[in-house]
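S.K.: Listed below are the residues making up each chain.
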Amino acid sequence: MRIIVAGSTSVQPYAEILAEAYCDMYPEIAVDIQGGGSSAGGTAAQTGTADIGMSSRALNQQEEGLYVIEIAKDGLAIIVNPANPINNLTLEQVSAIYSQRIDNWSSLGGNNAKIHVIAREDGSGTRSAFVDLVMHNSKISPRAIVQDSNGAVRQLVADDPNAIGFISLGLVDIGERPVKALSLDGVAATHDNVVNGSYNLTRPFIFVTKSEPRGITLDFINYVLSDEGRRILLAEGLVVD
Amino acid sequence: MSKLREKTPGFIFMALALSSISALALITVFIIVNGAPIIAKVGFIDFVFGMTWAPSEGEFGIFPMILGSVLVTLGAAIIGVPVGICCSIFLAEFAPVPLRGIFRPAIQLLAGIPSVVYGFWGLLFIVPLIRDRLGGPGLSILAGAIILAIMILPTIISISEVSLIALPRHYKEGSLALGLTHWQTIRSVMMPAAKSGIVAAVILGIGRAIGETMAVIMVLGNAVAVPESILDPVRTLTTNIGIEMGYASGEHQQALFATGIVLFVIIMILNLLAQYITTRRPR
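Taken in sequence, the protein lines are chains A and B. Under this note's numbering, think of the first position of the first sequence as 1, with each following residue one higher. Under this note's numbering, think of the first position of the second sequence as 1, with each following residue one higher.
Keep in mind the hints are simulated off the structure, nothing from the lab. All values derive from a computational prediction rather than experimental measurement.
Derived list of chain B stretches under chain A, where covered just means 3 residues or more per stretch with a C-beta under 8 Å from a C-beta of chain A:
#, stretch
1, 219-228
2, 245-258
Chain A stretches covered by chain B per the calculated footprint, using a threshold of three residues with CB under 8 Å from any CB of chain B:
#, stretch
3, 115-129
4, 136-148
5, 156-162
Ideal Cβ positions, reconstructed from N, Cα and C, are used throughout, including at glycine.
Based on the sequences and whatever the hints tell you, model everything.
M.R.: Laid out in structure tokens, this is it:
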């Protein structure tokens with residue numbers, strides 16, 4: 001028996017850990033986790049290519065009608081190189097940086113250096129969550145460097161003292177070379193602050209199915225929502241209610 | 001019976017040959033069927049010359065990427081073509097035989113390195129070098145041009161060298177007999193005679209550069225804007241498809257196929273040009 005789960009690459013690593021734990025308990029069931037992105041996850045669930053679609057943003061119009069299960073919340077961290085003296089920005093400043101109304105760190109109290117803005121590609125769930133949460137009245141500048149994964153953004157910021165990027169909060173401390181998560185409006189980007197609601201750059205991690213789940217699909221989802229499943233997600237740095 | 005035995009292999013080979021052609025037809029039709037609707041909807045001019053690419057907001061202009069492809073390829077040609085041609089002259093005319101035995105396989109090896117390895121090396125070596133020495137984010141036209149220049153060297157060197165070696169012996173002998181020096185012979189007899197082969201080598205090298213994806217995706221920075229300097233990031237047509245295909249659906253996906261159509265046409269023109277130049281009868 002096989003459950004196919006496909007979609008958001010932000011949710012994927014967590015789904016893999018859950019699937020592994022689940023398959024340890026039920027060796028006769030195979031849970032197959034695939035990437036592809038949030039949009040692909042929605043499409044896969046709609047067309048039935050996957051039993052469960054993963055998404056890291058709210059559903060869009062094309063995806064209405066899907067059955068939604070929120071499995072966790074994830075913080076979005078604004079990251080800079082550890083050598084950058086800046087520790088705190090306001091949401092307004094982040095928005096100004098990404099629309100390039102501010103293009104030098106000195107106007108924010110940092111070094112006199114051009115800001116290297118790094119964004120994700122169009123269609124990415126992380127990008128659309130960032131746009132929804134931060135870029136209220138403006139757009140991400142087309143001059144922004146575009147990388148196609150959380151890992152690539154993190155790597156670039158770790159290498160470049162003048163770079164700024166956004167990645168999943170759970171991935172900030174994963175990796176050989178450090179990056180620094182900025183405080184927003186004075187609130188540190190920590191797991192605890194996401195839980196208590198003071199850090200509000202968060203997005204939902206959701207499972208979507210074509211119709212109300214049944215059979216082993218329902219069983220797997222119930223496992224994810226169980227105390228055991230929530231304990232795993234919590235231990236991996238996500239936020240569960 | 002024996003007649004049949006004679007003919008059967010011919011049919012089998014024809015069927016296999018047809019299958020490779022039909023793969024080309026299949027891919028071409030698939031790209032066009034998937035990409036043409038969005039070009040029709042946006043309008044050819046707005047698609048090719050549009051300055052804004054924001055598929056999630058319904059903006060499909062690929063001009064910055066066409067410009068990106070042209071600039072990066074031009075940069076690669078400026079760096080790679082002189083080096084490649086000089087190297088082929090060296091191999092054909094100057095290199096002592098033992099050295100030739102080392103150089104040729106080495107250049108073949110250069111062609112055998114997977115493009116992702118070039119990209120990874122560029123990201124870890126060229127990009128930081130540019131960032132630290134020249135400024136900017138490092139991910140830039142320059143980084144892409146350097147990587148591509150290395151990648152097109154084997155194409156340029158081997159085809160130019162072959163066209164120099166393939167010249168009739170009496171060209172060189174006659175020229176030397178008339179009292180021209182070795183260098184004068186190369187410059188005024190051999191180079192002009194091998195011109196069509198060398199030009200074809202350059203065009204095929206350029207075709208290779210325009211089509212390359214994996215290596216440049218890692219070092220170009222992929223920003224969809226008209227660059228102001230060679231230290232700015234750009235996106236090419238190929239990297240646009242490579243970087244966005246994972247998440248694309250609906251019109252966004254069609255627009256990526258349409259990007260493929262444009263790329264396909266450019267590469268086809270380059271190949272036809274190379275073919276025309278090589279098959280043209282020498283005067």
